[in-house]
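*Asks:* The lines below spell out each chain.
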Amino acid sequence: MTTRLVCGGALIGIIAVAYLAATQPEPARTILVAVALVVALVFVVALVPVRTKGQPSVTTVEPEALTTHAGLRSQPGVAEVLEALPVGVMIIGEDGKIRSFNTAAGEVFGVPAERATNRALIEIVRNFELDRRVGATLRDGVEETSELTYVAAQQRYLQVTTRVLAGDGSRSALVIVTDQTRMRELETLRRDFVSNVSHELRTPLTAVKLMVETLQTGVERPASDEFLGSIAQETERMIALVEDLLDLARLESGKLEMRLGAVDIGELCRQAVQAQRARAHTLGIALECSTPDAPITISADRDKLSQVIANLLDNALRHTPPSGHVKLAASNSNGAVNIVVSDTGSGIPSTALPHVFERFYVVDPARARSRSGTGLGLAIVKHIIEAHGGTITATSELGVGTSFHCTFANV
Amino acid sequence: MGRENFHRILEETQQNVLRMGSLVEEAITKAVDALTRSDTKLADEILKADDYVDDLNVLIETNCLNLLALQQPMASDLRTIAAMLDIVIDLERIGDHACDIAQITKNLANEPQLKPLVDIPLMAAKAREMLRESLDAFSHHDAQAAHEVPRKDDEVDRLYRKVFAELIQFMANDPKAIGRASNLLLVALYLERIADHSTNICERVVYMVEGVPKKLKRSVVEFNEVLAHSDEIMQTSTPAAAD
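Chains as they are written, first to last, in the numbering used here: chain A, 1 to 411; chain B, 1 to 243.
Don't read these hints as lab results, they were simulated from the structure.
Think of the CB as a built atom: it goes at the ideal place given N, C-alpha and C, for glycine as much as any other residue.
Some hints here could point you the wrong way.
[Claimed, not checked] Sample of chain A residues lacking proximity to chain B, with all beta carbon distances greater than 10 Å (derived):
1) M211
2) R270
3) S290
[To be verified] Label pairs and their calculated CB-CB ranges:
4) P175/B to V400/A: 29 to 39 Å
5) D303/A to P175/B: 50 to 60 Å
6) P86/A to D54/B: 38 to 48 Å
7) E12/B to P86/A: 27 to 37 Å
8) R37/B to E358/A: 13 to 23 Å
9) T149/A to L59/B: 22 to 32 Å
10) P213/B to H325/A: 57 to 67 Å
11) L186/B to P86/A: 40 to 50 Å
12) K215/B to T391/A: 41 to 51 Å
13) H141/B to E397/A: 36 to 46 Å
14) R190/A to P213/B: 40 to 50 Å
15) T149/A to Q103/B: 33 to 43 Å
16) G211/B to E129/A: 51 to 61 Å
Same shape as in the complex, but just chain A:
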């Protein structure tokens, strides 16, 4: 990121600030940015010629001037640089009042920057720990870099660096705030994903290992046939998981090849229901299909859409008890094509609904163990529908049932 430095109408230089890679240790990264800023300012400003009445002259600035609050604010371009920085920067005066508060700090703390100036820090950022640290910097010159959890409308994980700005007998505090919430979320997602995949693979592998060891000790038929059948089943389960993972990876990276063509949604739905009829009958679930007689044609990848409908039907059948009802309906209205899969299962709590399309998310872990499935079906469904420019939403009521609504533009 760069900003221009202009003096007397002439461009005198550029200040470039690089946001270092995530592999850099956090304190080093923050301090490096601040030091780079100060050094760049010294370098550029020291070379500015100040012209007075035709007499060229060079003004040099002592680096110490840039470590005081007054020094910083008096240098041309500093305010613009502070505003452009992607990290929150605050300067707190000796009286505990905010002297400078950039836009990034406003975004982190959810306060417009203009409201913050000349207010006490605790009035604007209501966090006891931050207030305590800045107080320690102002009172005792304590400088530190450490983490801080800030809870307002949302919870945010911050890295806060406090430094002393001294000079002219007074002391100010420089506070640099980096929002690490997103990085933490990604790290948690990554950790959970690895843990889930490991668990999903370890369970069938453990079962296969035990059965193989038993077979190696010598087992007569029909027990050996039973073991071999179970090994085949567990192997299929692992293959399905790996294929789903690969599908998901391709979808998320945008590398999945879509073979678009004219697809009759009504026909697709009827075929999907027919494929599940026998299973529904075995489970004691009434399976209904509602499609108009006239074709509903959209431009889509036929195989992918079949996968979507099959996944949704499979989900509905797994979560509906015997004597329940599953319905697949397709319709064309107001320029949109709708596919709705609804069931009379136990429903999903409202707190879980926003998460059902996440990888490996299970509403009730205890029940999930007794059912088959990779835990990736709905995540894949969502990606495929969005790759078609469509949307999917879920509605549910506990004790009544769940509906999944897919909408595509009518093309």
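Place chain B on chain A using the hints.
*Replies:* What follows is chain B alone, placed relative to chain A:
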């Protein structure tokens, strides 16, 4: 004490009220977090941090009384000091409720969870939101904002009724769950009380700004209705057979 010094101390005292408020806000979040995760270490931290809340309470009260005794404040300054004396009582009680929840976490540490907590964290989030907004109103002397906050009390009370009915059902179905369920009932009650204390703070803010004491809109949990419903649940439930 000169007038300049008076205003400086008054401003500092208001800032201390906000410091105390931020400590108790954090305590609520941590307390329910600790309960959800059965984290006794976090519960101990909350109990220890209450000392800071009490120290700030004493400091604020002392400063307010000194200002009243030595400065004879008038008009809005007088109302501000009077409001702060009331507000810190509510904040101190909220801090105590957070500690009570932390203590319940320790009491239930070795017990299996009755069920995943869903409505109690929702109640905590709502109660905390009310507290934060009431302190925002105090910080900005905003009576209009103070009028809005108590309207959210309806949602907290609705959640409280729901949790109450659910826990009564648990107790009716399984007498072995009575110990755990009654502790969770207390947690829900403390959160409902925190929301009420936030409404009290808003009433103080309105008085501070407008100069007229006023009771703000709040819904009242009709306990007779809740108890009648729980009687119904007890009568129609079949307890699990004892081991």
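*Asks:* Confirm or reject each hint.
*Replies:* Comparing the hints with the structure gives:
1. At the 10 Å boundary, the C-beta of M211/A stays outside the reach of chain B, the nearest C-beta of that chain being 33 Å off.
2. Distance check for R270/A against chain B: the nearest CB is about 39 Å away, which clears 10 Å, and the non-interface claim stands.
3. With a cut of 10 Å on Cβ distances, S290/A stays outside the contact zone with chain B, its closest approach being about 34 Å.
4. In this structure the hint that P175/B and V400/A lie 29 to 39 Å apart at CB holds, the actual value being about 30 Å.
5. Range check, D303/A to P175/B: about 56 Å between beta-carbon atoms, so the 50 to 60 Å window is met.
6. The supplied range of 38 to 48 Å is met by P86/A and D54/B, whose beta-carbon atoms lie about 40 Å from each other.
7. Restraint check, E12/B to P86/A: a C-beta distance of roughly 34 Å satisfies the suggested window 27 to 37 Å.
8. About 20 Å separates the C-beta atoms of R37/B and E358/A, a value consistent with the hinted range of 13 to 23 Å.
9. Between T149/A and L59/B the C-beta distance comes to about 25 Å, which sits within the given range of 22 to 32 Å.
10. The given range of 57 to 67 Å is respected by P213/B and H325/A, whose C-beta atoms sit roughly 59 Å from each other.
11. Between L186/B and P86/A the Cβ separation comes to about 46 Å, which falls inside the hinted range of 40 to 50 Å.
12. Under the hint 41 to 51 Å, the C-beta atoms of K215/B and T391/A, about 47 Å apart, fit the expected range.
13. A beta carbon spacing of about 44 Å between H141/B and E397/A agrees with the range 36 to 46 Å that was offered as a hint.
14. Checked against the hint of 40 to 50 Å, the pair R190/A and P213/B fails, with Cβ atoms roughly 55 Å apart.
15. At about 23 Å, the beta-carbon gap between T149/A and Q103/B misses the expected band of 33 to 43 Å.
16. Restraint check, G211/B to E129/A: a C-beta distance of roughly 36 Å breaks the suggested window 51 to 61 Å.
When held up to the earlier numbered hints, the structure conflicts with 14, 15 and 16 and fits the remainder.
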